[in-house]
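A.B. asks: Chain A is already provided as a structure; the job is to place chain B on it using the hints.
Number of protein chains: 2
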Amino acid sequence: MSLASAPGIADIRNAAQRLAGLAVRTPLVESQALNERFGGTVLFKPEVLQRTGSFKFRGAYNKISGLSDGERARGIVAFSSGNHAQGVAASAALFGAKAIIAMPADAPQAKVGNVLRMGAEVVPFDRARDRREDVVQPYLDRGMVLVRPFDDPAIIAGQGTVGLELMQQAQELGVRLDTVVVPCGGGGLVGGVSLAVKDASPGTAVWGAEPEHFDDTRRSLEAGKRVANEPGYSSSCDALMTSEPGLITFEINRRNLAGVVAVSEQAVAAAMRDAMAHLKLVVEPGGSVALAALSSGRIDLQGKSVAVVLSGGNVDFDVYSRMVAGV
Amino acid sequence: MSLASAPGIADIRNAAQRLAGLAVRTPLVESQALNERFGGTVLFKPEVLQRTGSFKFRGAYNKISGLSDGERARGIVAFSSGNHAQGVAASAALFGAKAIIAMPADAPQAKVGNVLRMGAEVVPFDRARDRREDVVQPYLDRGMVLVRPFDDPAIIAGQGTVGLELMQQAQELGVRLDTVVVPCGGGGLVGGVSLAVKDASPGTAVWGAEPEHFDDTRRSLEAGKRVANEPGYSSSCDALMTSEPGLITFEINRRNLAGVVAVSEQAVAAAMRDAMAHLKLVVEPGGSVALAALSSGRIDLQGKSVAVVLSGGNVDFDVYSRMVAGV
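Residue numbers (numbering that gives the first Met the number 0), protein chains in the order written: chain A, 0 to 326; chain B, 0 to 326.
Simulated from the structure, these hints should not be mistaken for laboratory data.
Just so it is clear, the structure is predicted and the values come from calculations on it, not from any experiment.
Some clues are possibly wrong.
To be verified - Calculated lysine-lysine pairs in the BS3-like style (CA-CA distance at most 30 Å, straight line):
#1 B:Lys-197 with B:Lys-224
#2 A:Lys-97 with B:Lys-303
#3 B:Lys-197 with B:Lys-97
#4 A:Lys-303 with B:Lys-97
#5 A:Lys-197 with A:Lys-224
#6 A:Lys-197 with A:Lys-303
Pulled out of the complex, with its shape left as it was, chain A reads as follows:
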């Protein structure tokens, strides 16, 4: 596949216009304590404050707003562990479109409850046994439109608005960013962000962060081709448990990323606690991997200006308190 299907900066700007007044322009926040620990200036972009509690609203709304009235009237279908599901459900509701979401049976209750509250229908599936494509096929056969979680130019462009805002906000603060670190599941967020960052500042390094055992993008970049994760592992980072990079996202990320850091469960829990103590933000496990990556020693922080995306905050209370208390 050629890069012809990757979105360009104009697509990201267009998405930003569509999202104006609907998506939260999440602020950049920082902590003196974390700056001192890391030896640089770290600016956090908390997409936990985004509508639906994660960045996923941006891509889903951009995609659905680009459909025809006829397509929207036939209804929307999606598969997702929860954050994309909420983004799709909220966006479909804004257009008055029916939405059916296939969600893993072990998805966090907070995420399932939110999807139901937004008026979507939830179809549970078994993450290990069922192919999600098979679960949604009957709905596609009826003419409903699939909104993919990441491997779609309109989705990537929507997520890229995180990067557009981040670069504008850093400029407003008079900060020249050396590095941007972004959580990576299927690669739509980090891919979209990298397009916006590289457009504004080609010299800024963009890093991805993945949970251990789900570091398919890291290993794919090393291998020079898309490789899938080994089966049989689990992770607290339900939002990042994709099986392999997308075709489009991999093409973007192989060009734009300086590298990807894989982080341990322990590092994720410590990052969640840091976000609570120093940023006053509730960040879900998958949303905290970019902060966790700062402690890996892999990314040069000394004297640097670094932006970190905290991509979501949809976590059940018992999981949250157990992980944060266990540090």
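C.D. replies: The following block gives chain B in isolation, referenced to the frame of chain A:
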């Protein structure tokens, strides 16, 4: 005392200019679940994301920036349970001024640690036994400048920038606010916010919220004169345990407030959990009283547009998890 010492809208606008690029322009965030529960549109202004973790940076910085070079060279002194202390310490550090802060011995460790990290000196005192004025007197005798926590026009004007931003942001969203609800300790925040709100929209009701047993402003408004709290009570809301309203703040609040709601410890804990689950924000007990007040039934929410200030997030983890888990 006449209202001549109350700040005007020009003072608040001037404070906003001084704070531009230094204070975080905290966003307005909302939750569909909370909107549905309350039957209206509730927009939250999370000052937990403010520099130092509470709104207090705004007033302290505005005050200290208005001092002469000579005054700043003599050093700053303040007494505070912690949030004002952090605001003063951070502001003094930005000007390279020495700061000495008298803090109650039972202040949250998170707050004491932050003050120390910002380079200020901490002088502990006994909240029940010592008069804080006596604790700081020796430093004033040496010529250091007292930065009061609330009863000072420059402090009130700085806190008022919360209201200025809130009204601008609501307008950007196309929302006409019926009601604004604000935590109240000494009354500097709610007073300053009320000045900005009433300037922009005289018909918008401004409510205060206080913890039970520390509802001195509520009882003072009823009595028509300043009355102090009964001694001997405690509260999780360390940030709001002032003994009585200020002279200037009471004059502003008796003119501008629709009323004050006193909330129970249980309502505070429930509000902290709501902020975690639905807003992804860590809010300290005192910072959550305005959200807690929404559940009191005292404020008409049905079909209304309401703004709620979440004033701070500096809480120790053990207190936080105990309160949130106990709901």
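A.B. asks: Now look at each hint and say whether the structure bears it out.
C.D. replies: Right, here's what the structure says about each hint:
{"no.": "1", "hint": "B:Lys-197 with B:Lys-224", "result": "holds (22 Å)"}
{"no.": "2", "hint": "A:Lys-97 with B:Lys-303", "result": "holds (28 Å)"}
{"no.": "3", "hint": "B:Lys-197 with B:Lys-97", "result": "violated (37 Å)"}
{"no.": "4", "hint": "A:Lys-303 with B:Lys-97", "result": "holds (28 Å)"}
{"no.": "5", "hint": "A:Lys-197 with A:Lys-224", "result": "holds (22 Å)"}
{"no.": "6", "hint": "A:Lys-197 with A:Lys-303", "result": "holds (17 Å)"}
Of the numbered hints given earlier, the model fails hint 3 alone.
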